[in-house]
Amino acid sequence: MTISELLAQFANPETIKSLAFTHKLLAGLITTVLGIGITFLALITLQFLISWMARLVNRTAAAAPIKASQPAAAPPRSSATDEQKEHSEQKNDNELVAVITAVIAMKMKTTIDNIVIKNIKKIEDRSPLWNRAGIIEQMNTRL
Amino acid sequence: MTISELLAQFANPETIKSLAFTHKLLAGLITTVLGIGITFLALITLQFLISWMARLVNRTAAAAPIKASQPAAAPPRSSATDEQKEHSEQKNDNELVAVITAVIAMKMKTTIDNIVIKNIKKIEDRSPLWNRAGIIEQMNTRL
Amino acid sequence: MTISELLAQFANPETIKSLAFTHKLLAGLITTVLGIGITFLALITLQFLISWMARLVNRTAAAAPIKASQPAAAPPRSSATDEQKEHSEQKNDNELVAVITAVIAMKMKTTIDNIVIKNIKKIEDRSPLWNRAGIIEQMNTRL
Amino acid sequence: MLEPILAFFKSTGFFALTPGAVVMMGVACILLYLAIVKKFEPLLLVPIAFGVLLTNLPLAGMMAPPILEIKNNMIHTIVPGGLLYYLYQGDCLGIFPPLIFLGVGAMTDFGPLIANPKSLLLGAAAQVGIFLTFIGAISSGLFNAQEAASIGIIGGADGPTAIFLSAKLAPHLLGPIAIAAYSYMAMVPIIQPPIMRLLTTKKERMIRMTQLREVSKKERILFPIIVTVVVSLMVPPAGTLIGMLMLGNLFRESGVVGRLEDTAKNALINIITIFLGVTVGATASAEHFLTVQTLAILGLGVIAFAVGTAGGVLLAKLMNNFLQVPINPLIGSAGVSAVPMAARVSQVVGQKEDPGNFLLMHAMGPNVAGVIGSAVAAGVMLSLFGK
Amino acid sequence: MLEPILAFFKSTGFFALTPGAVVMMGVACILLYLAIVKKFEPLLLVPIAFGVLLTNLPLAGMMAPPILEIKNNMIHTIVPGGLLYYLYQGDCLGIFPPLIFLGVGAMTDFGPLIANPKSLLLGAAAQVGIFLTFIGAISSGLFNAQEAASIGIIGGADGPTAIFLSAKLAPHLLGPIAIAAYSYMAMVPIIQPPIMRLLTTKKERMIRMTQLREVSKKERILFPIIVTVVVSLMVPPAGTLIGMLMLGNLFRESGVVGRLEDTAKNALINIITIFLGVTVGATASAEHFLTVQTLAILGLGVIAFAVGTAGGVLLAKLMNNFLQVPINPLIGSAGVSAVPMAARVSQVVGQKEDPGNFLLMHAMGPNVAGVIGSAVAAGVMLSLFGK
Amino acid sequence: MLEPILAFFKSTGFFALTPGAVVMMGVACILLYLAIVKKFEPLLLVPIAFGVLLTNLPLAGMMAPPILEIKNNMIHTIVPGGLLYYLYQGDCLGIFPPLIFLGVGAMTDFGPLIANPKSLLLGAAAQVGIFLTFIGAISSGLFNAQEAASIGIIGGADGPTAIFLSAKLAPHLLGPIAIAAYSYMAMVPIIQPPIMRLLTTKKERMIRMTQLREVSKKERILFPIIVTVVVSLMVPPAGTLIGMLMLGNLFRESGVVGRLEDTAKNALINIITIFLGVTVGATASAEHFLTVQTLAILGLGVIAFAVGTAGGVLLAKLMNNFLQVPINPLIGSAGVSAVPMAARVSQVVGQKEDPGNFLLMHAMGPNVAGVIGSAVAAGVMLSLFGK
Ligand code: NA
Ligand code: NA
Ligand code: NA
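Residue numbers (the working numbering), protein chains in the order written: chain A, 1 to 143; chain B, 1001 to 1143; chain C, 2001 to 2143; chain D, 3001 to 3387; chain E, 4001 to 4387; chain F, 5001 to 5387.
Worth double-checking, as some hints may not be accurate.
Said to hold, decoys possible - Covered stretches of chain C, as calculated for chain D (at least 3 residues, CB under 8 Å):
(1) 2009-2016
(2) 2027-2038
(3) 2044-2057
Keep in mind the hints are simulated off the structure, nothing from the lab. Beta carbons: idealized from backbone N, C-alpha and C, even for Gly.
Isolated chain A, as found in the complex (with noise of 0.2 Å):
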């Protein structure tokens, strides 16, 4: 029986039975073998691949600085150049809450740690196309 036709054996429920328990064994650790290494050369290549695509996207970075300002989608991350603007933005968040926060606490005599203030957004348009339609001012201002 070669290696092939075993495998074929235990791969099918039916004559698995009749295999006998080395054979199955045997099977089993080539499956394992097998799949270890295609799990592992599956993630390596994908390993050199990103390294790879890092390599040339930042190396094109280096030559052309991005300004491409980052949507607020996606919070924590930030390229090497938006960084310091993403950071600014942060701390303004912040700060706004903070005082917020502060003149709330002041006028109920209670401590900060109680109040979180969830709720104060800058402007984020995700609406699609067909909901603009409604709001023709918001539209003129953009043209």
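Please arrange chains B, C, D, E and F with the ligands on chain A, whose structure you already have, making use of the hints.
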């Protein structure tokens, strides 16, 4: 071959292949004329019905001015009678936002442009009947 | 014809047509009595089980007073021991809203009835484990 | 060129328009009027009414079944069915009503019921309307047992339960039954008060009730589990409805799955409500709706509501003969369900006699018990008359 | 040990990779670039492009149909189909596009159209692109009537309508047609302005229009009902699309079902958009996409847009010969739909001549009329060439 | 009158109650206790546990298949199936797990992985648990290859992957496998720390790692596309899971489809989670669950977790022999996935030795790599043992 027969052959993916090019073109032209005609017919009919509806509704409205308040669900609309009310509501909201924004800006020594308040809402009850089941106090106040 | 046979014929859309009116009425009456009986039986059983559960739970509670804090998810509830805490939380919230409302109203010279603050929330973590994956700082503070 | 124009005209709906379809479009407009202007249960009546409109537009084929070809172990769709046909499968396979109940459970506070388990008796008593209407429908000679059971369930004052049962027992009557159920649920403030006043004395209506005890979190979590097990064991066919209702409630009370609770009572229930409403309306085509049976259903439905109301009030009066602390019989009528309208009716009728009397919270107990009660009754009907 | 390694290598996608698949992955990346970097209709192009990518990955089998066994009145799934196969059923059975329209209706303000019903004429005129492209496709000799109709509908500038029609008439062309429709809709600011300037004089472009009248709530509620009934009676196969569009709009305008409106225009439309986009993209496998027909479709599609634009502008000019108060012909081009992009183009082109001229609101009328117009045109095509 | 009462009693669930069903209801209550009181992965354990409860209620028939009649090219439903039967189709046809992954992708920040691609090695190493457990299951003699593969995947510490694979290879074991997977994922803080301490020296545990570099938006957008293409080409059957995971991540990172990202990670994933959880639980009926195999699965599952943990830690130690800047081997254990619990365990164990050591961000890399790793492993199993 009558026009009907031609169109029938034209519409059948099996028989269209056997049609001469001029026949296909003729059938296509008839389809185009028919299609444009029906589309215009349908939309002109709509045009007349909507104009007629407008006359009917507005005549009724003139005879007995409606005082029903408008739901917040559809902002940019107002009948002649509701215009002023809506306008003043809008103004109130704007004032409210303006005051809060100004206070916060003052405290933070930042510019107003960076702050957007999206979260002051008039109560609008969109909860279903079921939902209100739990809100017993609120119900009491309404009954 | 036994009652079982009658009911079987009654339940079959084919055979019900051949039943005499009095037989149909009899079967309907039996169904009604049975139905009301079972409905009452089920709900009375529930009544006893729920009363019994209440006794069990509250006896345990009396023996070993639970100090578990109540989640915000279900506002209008509180066990005897949690009542005060919840009450004071509620009061805090109300005060908070009252203070903010008053400040805004004063600034705007409007009446308090026109302003509703819906947006001050205590932090309540409903994010799934997955979601928190990105919020690394927050996780640090918890560990 | 005249030929194809004539052919086009023959393919328009005008050519195929029947008087029945015109009448049904009028019915749809009346339902829209009730829903939008009168605010009668708009969340369901708007979709239902629009479904009635759509299904009666000739040749639009929105409820048309697909044409299939089955051969060589393959199923091919030759001509796809209509949109509403596919959505309707969720009704007739019994998928949508339990999912609505999942959302309802996530919205419902069973606290008043747990605090006062006697409410369950009132919730049971108000279901007598279901069974007496069943007898009435049988007596009319117009209906077989399955149809009569589906009509009776209108008295359960619970839309999803009515749709669940009639989709299984009498799908051809689904349209009129659902329309009757939701219309009468909206009309509870008109139907119930005269009956409540007729059956009670002024003194009874003025009975004040002591405040309900607080219910602990533990009880709230155990409640849905106990109800699921007990009801499903006693009346297995009620298990699906009750199970989903209680799963939704467990989402709510467990406090650890806020995301699921939120979705069950918002996005999910709303999506299902749109699909269910439109397709239930779409069963009301002229040939199915404009019949003597529909008139009988509308008549029997209002009787079912009235009898259920009376049942709840009368049992409350009966219970007062045995209880040390009497209950106000006005809360009995809330047992029909129609949550929370019927409970508010109890409150309003009570306050008319004594403005300081707050019955609402007490009426919520029988009110939510009525939901369980009618699901149990539906289960009994299914086990007696189901396939 | 070499044997199984070789067998594994033969089971990888690398072994089965065709040049066509590689080209299609490139197409997917270009579409992603347009969607993400150029922001061309990203809500649909991102899912569509990813669908193109997935379907061209060899052996992944995401569009594979299931293997069934049908015997003794039972249907057994022997091997389940691919994920995208199951989701694709929503496209090819005509379920997803009308549900998208439900959400679109809930988002759309038909006020400008009600205030100025003449917009409907412009919305009709801009559909001539559909029919002239149909003739063009027939003349090319490459397409039969069903295919030509599906290609023409690209000129409707309305994604769901194009998908609805071509899924029914020519499902094998769904991929290129949908990609062309959404790409050209995004390119409206590039395609339309030259045509608009060519066909109008500077004086015409500077015409100012009087402010639109206010539209009452009653009109807004009656509008969707009237449109549904009239369109469905005249062109029954358009009933499904128009019916759902108008149901969504009724949710919006009735003001009593805010929950349903909210879900229709958020959770529901988003879920359907993901499924529809990915599966539409997944029909663009190399063997279906890399054909002469696709090139012809892309060419004919841009012609359809151009002709529709011209049609709208020219009819507006024609109307000015009869109207006392002239209309600015630039709003005619908005009749192609591509909401709201085409209306913004009218605004921008107008403002270039006269910065104080605000045409946007006026252009919204023909713009939303164009949605109705192309649904009607699709209905005509279905009644002529549908099964 | 006694006859029908007796008949009713015979139709109750009490009459059909088996000891096994009672035991399973107890299991359901234990799972609910763990989920609600101990907060063990409640988002999935609450629905799963309730599904276990519902499926073991006798005669409720919630998992009953429908009775069909197929003739003349028509499929008629004679008796509809149970609610959970219909929802379960989403599991067994492989529809729900990839949709869960869509939402997971929209929630996941792959930044730490992109910043440190070596994480992928650790994510691969932690999957050895899957394959060694496979051998173990084979050796036990209780399972065939398909069953053993499904059991091994428990070690992937990834619920949707485990469900996806076992629904395809061994649907009869879906219940115990899913329950084991989610229970052990919740118990990661108990299972992992002793193993991590055993295999590392105090000095190794105190290794500090330098801050990760910032990752640009361009890399974040390219990442999901590259992963999809590479993994799908190398292991085609993994394409569906990885494709959906990466599509969700592309929604998140592209920044232009916020609506779709929001729906994918909220409404859609929640709806699917409810359906998936309840129906997975519903496969655990007494006759399927109370077997020797279930005990073996529970035992093998915990071994799989332990071996995976060790695999990750040991490879990290091995890598330190070759790397100039050493990595803290504690982050290796995070490679099992169980996001984000396993990463938090790395952080906690590290901080016990050195309170100023912040490993969390570094551990997130292997943690999310483990998700990709177990999807790849599942793909390998499918290509070896799938139909
Ligand atoms: Na009821
Ligand atoms: Na159009
Ligand atoms: Na893993």
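Please flag the earlier hints that this structure goes against, numbers listed from lowest up.
none
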